[in-house]
Amino acid sequence: MSKNPSNLKNIDRLIHEPTRLMIMTQLYVVESADFLFLQHQLKMTPGNLSSHLSKLEEAGYVEIVKEFIERKPHTALELTKKGRKAFREYQQNLKQVFGDLQK
Amino acid sequence: MNKRMSLKEVEKRTYMSYHQDGLLDIFVGVYVLLFGLGILLMTVTDFSTWFVIPAIFPAVMVPIWVSVKKRITMPRIGYVKFGSRGANKLMAIFIGLMVAGLGVFMVFTFASRSQGWALTLRNLIISNGMIIIGIGAAAISSLFAYTMGLNRLYVYGLLTLALFFAGHFITIPFGYFLLTIGLVIIINGFVLLMQFIRKYPLPQGDEANVEKSL
Chain A
1 MSKNPSNLKN IDRLIHEPTR LMIMTQLYVV ESADFLFLQH QLKMTPGNLS
51 SHLSKLEEAG YVEIVKEFIE RKPHTALELT KKGRKAFREY QQNLKQVFGD
101 LQK
Chain B
1 MNKRMSLKEV EKRTYMSYHQ DGLLDIFVGV YVLLFGLGIL LMTVTDFSTW
51 FVIPAIFPAV MVPIWVSVKK RITMPRIGYV KFGSRGANKL MAIFIGLMVA
101 GLGVFMVFTF ASRSQGWALT LRNLIISNGM IIIGIGAAAI SSLFAYTMGL
151 NRLYVYGLLT LALFFAGHFI TIPFGYFLLT IGLVIIINGF VLLMQFIRKY
201 PLPQGDEANV EKSL
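Chains as they are written, first to last, in this note's numbering: chain A, 1 to 103; chain B, 1 to 214.
Calculated from the structure, these hints are not laboratory results. Note that CB positions come from ideal geometry on N, CA and C, so glycine has one too. Certain hints may be false.
Mimicking DSS-like on lysine-lysine, the simulated pairs with C-alpha atoms at most 25 Å apart in a straight line are [as the list claims (entries may be wrong)]:
#1 B/8 / A/85
#2 A/95 / B/8
#3 B/199 / A/72
#4 B/8 / A/82
#5 A/81 / B/81
#6 A/43 / B/69
#7 A/43 / B/8
#8 B/69 / A/72
#9 B/81 / A/72
#10 A/82 / B/81
#11 A/95 / A/85
#12 A/55 / B/81
Computed spacing ranges between beta-carbons, pair by pair [to be verified]:
#13 B/9 / A/92: 17 to 27 Å
#14 A/88 / B/125: 46 to 56 Å
#15 B/131 / A/60: 54 to 64 Å
#16 B/67 / A/92: 37 to 47 Å
#17 B/62 / A/18: 37 to 47 Å
Here are some chain A residues pointing at chain B (derived, C-beta under 10 Å) [unchecked claim]:
#18 25
#19 26
#20 37
#21 39
#22 46
#23 72
#24 74
#25 92
Generate coordinates for the entire structure from the input sequences, incorporating the hints supplied.
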């Protein structure tokens, strides 16, 4: 990537939103987590979390898996391969942007 | 997440959150207590098969711990599945400890049949056994504390070191030290559990409905 501030345009805006970045980061470090765990961990309201998760799911970054544990319905969330790749690329892009800005 | 944080820190925080219920402490405390009881019973009754109980305890403990986690923790803070990377790290520590233990055993066995420096080393180990065990236990506890991000394991390690250091000078049966450590860990575990239950009440209807709408 060249030393060009327009590299900022390559930043994934879907991930770049602070709340969604928190969600992506949290899901990146685990294999999966359920809605309740994310909500407590990120200290978000259910509605807010649900809204951002829907956007990430639409983009194909997050997969929502409905399953049963101990006969109770359960919603597990995990990053898709596309989501993990997008997150890694986001990290790289951001590092390069700030690296270029410091030179 | 309002401060600069690496992914490693986020992972550690996640571990910390999932183990803030104190259940791990209760089970580890019971395990240590059983070891202490086993040693004390052996000195009184020579009932050496008592050690079967702490030996099989892990096999019994894991399913019970999982079940209690599902009934108490999961309904309150949800469920998280950690990746194999974390499990591999812990496995590597376990294997490392087993290899180190085997190495110490072999050195000890070799030293018992030798003269000179090996015999001196062996006698040094025997005469300072309590301190060495205390340092070893503190080191192991600290290693797990660092890997899992559970800072209270540092405190347990320090407590173990202090007790075993004192035990070097005080002539009290070894089992009592394990009993004391086990009890302290169990009590702390229950305190954490009570705090956890108070901090995280069971979720009510609205939250469950929002999750269902996903």
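Verification of the hints:
no. : hint                     : in the structure
1   : B/8 / A/85               : 18 Å, holds
2   : A/95 / B/8               : 17 Å, holds
3   : B/199 / A/72             : 23 Å, holds
4   : B/8 / A/82               : 22 Å, holds
5   : A/81 / B/81              : 17 Å, holds
6   : A/43 / B/69              : 22 Å, holds
7   : A/43 / B/8               : 20 Å, holds
8   : B/69 / A/72              : 15 Å, holds
9   : B/81 / A/72              : 17 Å, holds
10  : A/82 / B/81              : 19 Å, holds
11  : A/95 / A/85              : 15 Å, holds
12  : A/55 / B/81              : 23 Å, holds
13  : B/9 / A/92: 17 to 27 Å   : 20 Å, holds
14  : A/88 / B/125: 46 to 56 Å : 49 Å, holds
15  : B/131 / A/60: 54 to 64 Å : 58 Å, holds
16  : B/67 / A/92: 37 to 47 Å  : 43 Å, holds
17  : B/62 / A/18: 37 to 47 Å  : 39 Å, holds
18  : 25                       : 6 Å, holds
19  : 26                       : 7 Å, holds
20  : 37                       : 3 Å, holds
21  : 39                       : 7 Å, holds
22  : 46                       : 4 Å, holds
23  : 72                       : 8 Å, holds
24  : 74                       : 7 Å, holds
25  : 92                       : 13 Å, violated
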